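2 protein chains.
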Amino acid sequence: VTQVQSSGRAALRRSLRTADVGRLVDDACTGEARAVSRLLSLVEDGTPDLPKIMALLTARPGHAHVVGLTGSPGVGKSTSASNLVAACRSRGLRVGVLAVDPSSPLSGGALLGDRIRMQEHTDDDGVFMRSMASRGHLGGVSRATPQALRVLSAAGFDVVLLETVGVGQSEVAVAGLADTTLVLLAPGLGDGIQAAKAGLLEVADVFVVNKADRPGADQVVRELRNMLAMDPARRERVWRTPIVKTNAVDHEGYGELLEAIDRHSGHLRATGEGERRRIRRAEAELDAIVTSAVDRRLARLRAGEDFSRHASAVATGNCDAYSAAERLLDSLLR
Amino acid sequence: VTQVQSSGRAALRRSLRTADVGRLVDDACTGEARAVSRLLSLVEDGTPDLPKIMALLTARPGHAHVVGLTGSPGVGKSTSASNLVAACRSRGLRVGVLAVDPSSPLSGGALLGDRIRMQEHTDDDGVFMRSMASRGHLGGVSRATPQALRVLSAAGFDVVLLETVGVGQSEVAVAGLADTTLVLLAPGLGDGIQAAKAGLLEVADVFVVNKADRPGADQVVRELRNMLAMDPARRERVWRTPIVKTNAVDHEGYGELLEAIDRHSGHLRATGEGERRRIRRAEAELDAIVTSAVDRRLARLRAGEDFSRHASAVATGNCDAYSAAERLLDSLLR
Chain E
1 VTQVQSSGRA
11 ALRRSLRTAD
21 VGRLVDDACT
31 GEARAVSRLL
41 SLVEDGTPDL
51 PKIMALLTAR
61 PGHAHVVGLT
71 GSPGVGKSTS
81 ASNLVAACRS
91 RGLRVGVLAV
101 DPSSPLSGGA
111 LLGDRIRMQE
121 HTDDDGVFMR
131 SMASRGHLGG
141 VSRATPQALR
151 VLSAAGFDVV
161 LLETVGVGQS
171 EVAVAGLADT
181 TLVLLAPGLG
191 DGIQAAKAGL
201 LEVADVFVVN
211 KADRPGADQV
221 VRELRNMLAM
231 DPARRERVWR
241 TPIVKTNAVD
251 HEGYGELLEA
261 IDRHSGHLRA
271 TGEGERRRIR
281 RAEAELDAIV
291 TSAVDRRLAR
301 LRAGEDFSRH
311 ASAVATGNCD
321 AYSAAERLLD
331 SLLR
Chain X
1001 VTQVQSSGRA
1011 ALRRSLRTAD
1021 VGRLVDDACT
1031 GEARAVSRLL
1041 SLVEDGTPDL
1051 PKIMALLTAR
1061 PGHAHVVGLT
1071 GSPGVGKSTS
1081 ASNLVAACRS
1091 RGLRVGVLAV
1101 DPSSPLSGGA
1111 LLGDRIRMQE
1121 HTDDDGVFMR
1131 SMASRGHLGG
1141 VSRATPQALR
1151 VLSAAGFDVV
1161 LLETVGVGQS
1171 EVAVAGLADT
1181 TLVLLAPGLG
1191 DGIQAAKAGL
1201 LEVADVFVVN
1211 KADRPGADQV
1221 VRELRNMLAM
1231 DPARRERVWR
1241 TPIVKTNAVD
1251 HEGYGELLEA
1261 IDRHSGHLRA
1271 TGEGERRRIR
1281 RAEAELDAIV
1291 TSAVDRRLAR
1301 LRAGEDFSRH
1311 ASAVATGNCD
1321 AYSAAERLLD
1331 SLLR
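Chain order of the listed sequences is E and X.
Letter by letter, the first sequence follows residues 1 to 334 of the numbering used here.
Letter by letter, the second sequence follows residues 1001 to 1334 of the numbering used here.
Because the hints were derived from the structure by calculation, they are not lab data.
Predicted, not measured: the structure shown is a model, and the values here were computed from it.
Treat each hint with caution, since some may be false.
[Claimed, not checked] Calculated from the model, a selection of chain X residues having no Cβ within reach of chain E, i.e. all distances over 12 Å:
1. Thr1018
2. Asp1125
3. Met1227
4. Arg1281
5. Arg1302
[Unchecked claim] Restraint-style ranges between C-beta atoms, simulated for each label pair:
6. X/Arg1297 <-> E/Arg235: 46 to 52 Å
7. E/Asp125 <-> X/Arg1297: 42 to 48 Å
8. E/Asp250 <-> X/Gly1304: 37 to 43 Å
9. E/Arg240 <-> X/Glu1326: 41 to 47 Å
10. E/Val249 <-> X/Arg1222: 42 to 48 Å
11. X/Ala1299 <-> E/Met227: 44 to 50 Å
12. E/Gly188 <-> X/Asp1250: 33 to 39 Å
13. X/Gly1317 <-> E/Ser308: 41 to 47 Å
By construction, the Cβ of each residue, glycine as well, lies at the ideal position given by its N, Cα and C atoms.
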């Protein structure tokens, strides 16, 4: 596993020469870990080279199956992710892991432990791990995430695990980017089913009940079954959301989980749902690029002379705020 | 005091006839409470009539002195506000109160108690009270706040109290809109001076130490004095931030507090700082209008056919995301 710190990357903000960009993309597409890391840093920092890079990557889309992994703190998400990586590796699959650290103080650092637990894959160059700060965008998933997924797919990973703490809207954001979304629950957390009721049904492609050896695990499974049976949209659904029991500490249930993911992957291909999800991911990617560009323009506008001049006119009553705003909008949109 | 609920206002979203807008503004400018309420609802809901309304209000700027009131929960902000209102009334000043309810679950509802305590002014038509949800904009102050202040000033109020719970960035946002910012502290809260160190010095025009009869009040005053004395920017400051002790429960100290506000008001006039603050408020108003307009355009873009078409092209690899985003930006900015 390769880990790269997010600090000290100021030097990367310089624009690269076109030849260097080409070589970097070539290297990353062979799966060379340092090149992949560098591309991800460029994506995260929003380098001016991104349009060039993304144009080159578009020609090499790769074939990664993106597996979203979400669940409340305490469900054993990090050990589950590590087990899932091991299960993929035993099948010879190359795995990229993208862990999104929500920057909220409520959940901050919850993924730090994950990184440590992933250390068991340290010597395996078929595993690549990276964490990104979410900065509160897109409901707990960083704006750069769709492009980071594109990098990892181009780098030839068969599976990309997109992991986030299930806080706020992050499950929904992860599901919007994933091909298959796993929702982890565990007995004894109390909020498991409550959270599930609040919208996880819409989001989960596979429910994973971890800590299956604990008392209460069967109760969680029963409640999930009842909830799925009562889903008013059930009749229209072709995919019957499976419930897989795992025990991350004892490495149990991951063969079955991989099979469930495989079945879902087949369902995506057979029904055209896979294409719909790729379009949804492209929408998120476009949205992130457009919104960032607009934000940059707004920031420039606020810092400009025009803005101060119009504000003075409004303050002195020489101009009403809407007329001034309209003129500023015109200059923004020019 | 006049209170209007924020619910059931859907009917107000219809566009008004121009004649009605004119009459409404006329009525509000005589201080007629129902008309003021209605204008504030239109401002908060973002009615399509806003440009018309704001153009009419610009001709009648009023003369309100905006007093920002901020402090952590527990400092006695609501009783202090009520006392300040009473002190203004005893001088014959008409007072508008704008309480911004942060929508954060951390502080939600903290201002509800204020409304109840303000009931003592219920029968006084020289007092107008309104609360607005912040919806997380502008660091705890609603986007509609600058325009709401404009309405209250046009309505002829001499003083407008802008009140918010001191959570996150709300102090800074309030100070950005106020002529005079009061920062409330109280003994026994522990975080008082800590919070002060974290940036309140920049924001406070007057420090108010409430619960002055409690043990520790003098200690808070001493610490504030030390902090002010150590301020590296002290020499350049013309205004020496006063520290006023109050006891809201026993209605003590409010004459002195009003005098401090008066002195600050004189300082604003004498130094040109008042004009700078009016410009700052106009900037916040412009920023809110421009940002809202851009957000509406973005929402329309996301919902449009162009967006889906480009996303499909990106998903199938027929177009790279940046080229597609650039075309979408062009159509957004057209």
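Here is how each hint holds up against the structure:
The beta carbon of X/Thr1018 sits about 15 Å from the closest Cβ of chain E, which is more than 12 Å, so the claim that it is off the interface holds. Every C-beta of chain E lies more than 12 Å from that of X/Asp1125, the closest at about 28 Å, which supports listing it as non-interface. Separation of X/Met1227 from chain E is adequate, the least Cβ-Cβ distance of about 25 Å exceeding the 12 Å criterion. Non-interface call for X/Arg1281 relative to chain E: violated, since the shortest CB-CB distance, roughly 7 Å, does not exceed 12 Å.
Not every CB of chain E lies more than 12 Å from the CB of X/Arg1302, the least distance being 6 Å, so the non-interface label is violated. A hinted range of 46 to 52 Å is violated for the C-beta pair X/Arg1297 and E/Arg235, which are about 39 Å apart. Distance hint check: the CB atoms of E/Asp125 and X/Arg1297 are about 46 Å apart, consistent with the given range 42 to 48 Å. For E/Asp250 and X/Gly1304, the Cβ-Cβ distance of about 51 Å falls outside the hinted range of 37 to 43 Å, so the restraint is violated.
About 42 Å separates the C-beta atoms of E/Arg240 and X/Glu1326, a value consistent with the hinted range of 41 to 47 Å. At about 55 Å, the CB distance of E/Val249 to X/Arg1222 disagrees with the hint of 42 to 48 Å. The hinted range of 44 to 50 Å is not satisfied by X/Ala1299 and E/Met227, whose Cβ atoms lie roughly 32 Å apart. Between E/Gly188 and X/Asp1250 the CB atoms are about 51 Å apart, so this pair departs from the stated range of 33 to 39 Å.
The hinted window of 41 to 47 Å between X/Gly1317 and E/Ser308 holds, with their beta carbons roughly 45 Å apart.
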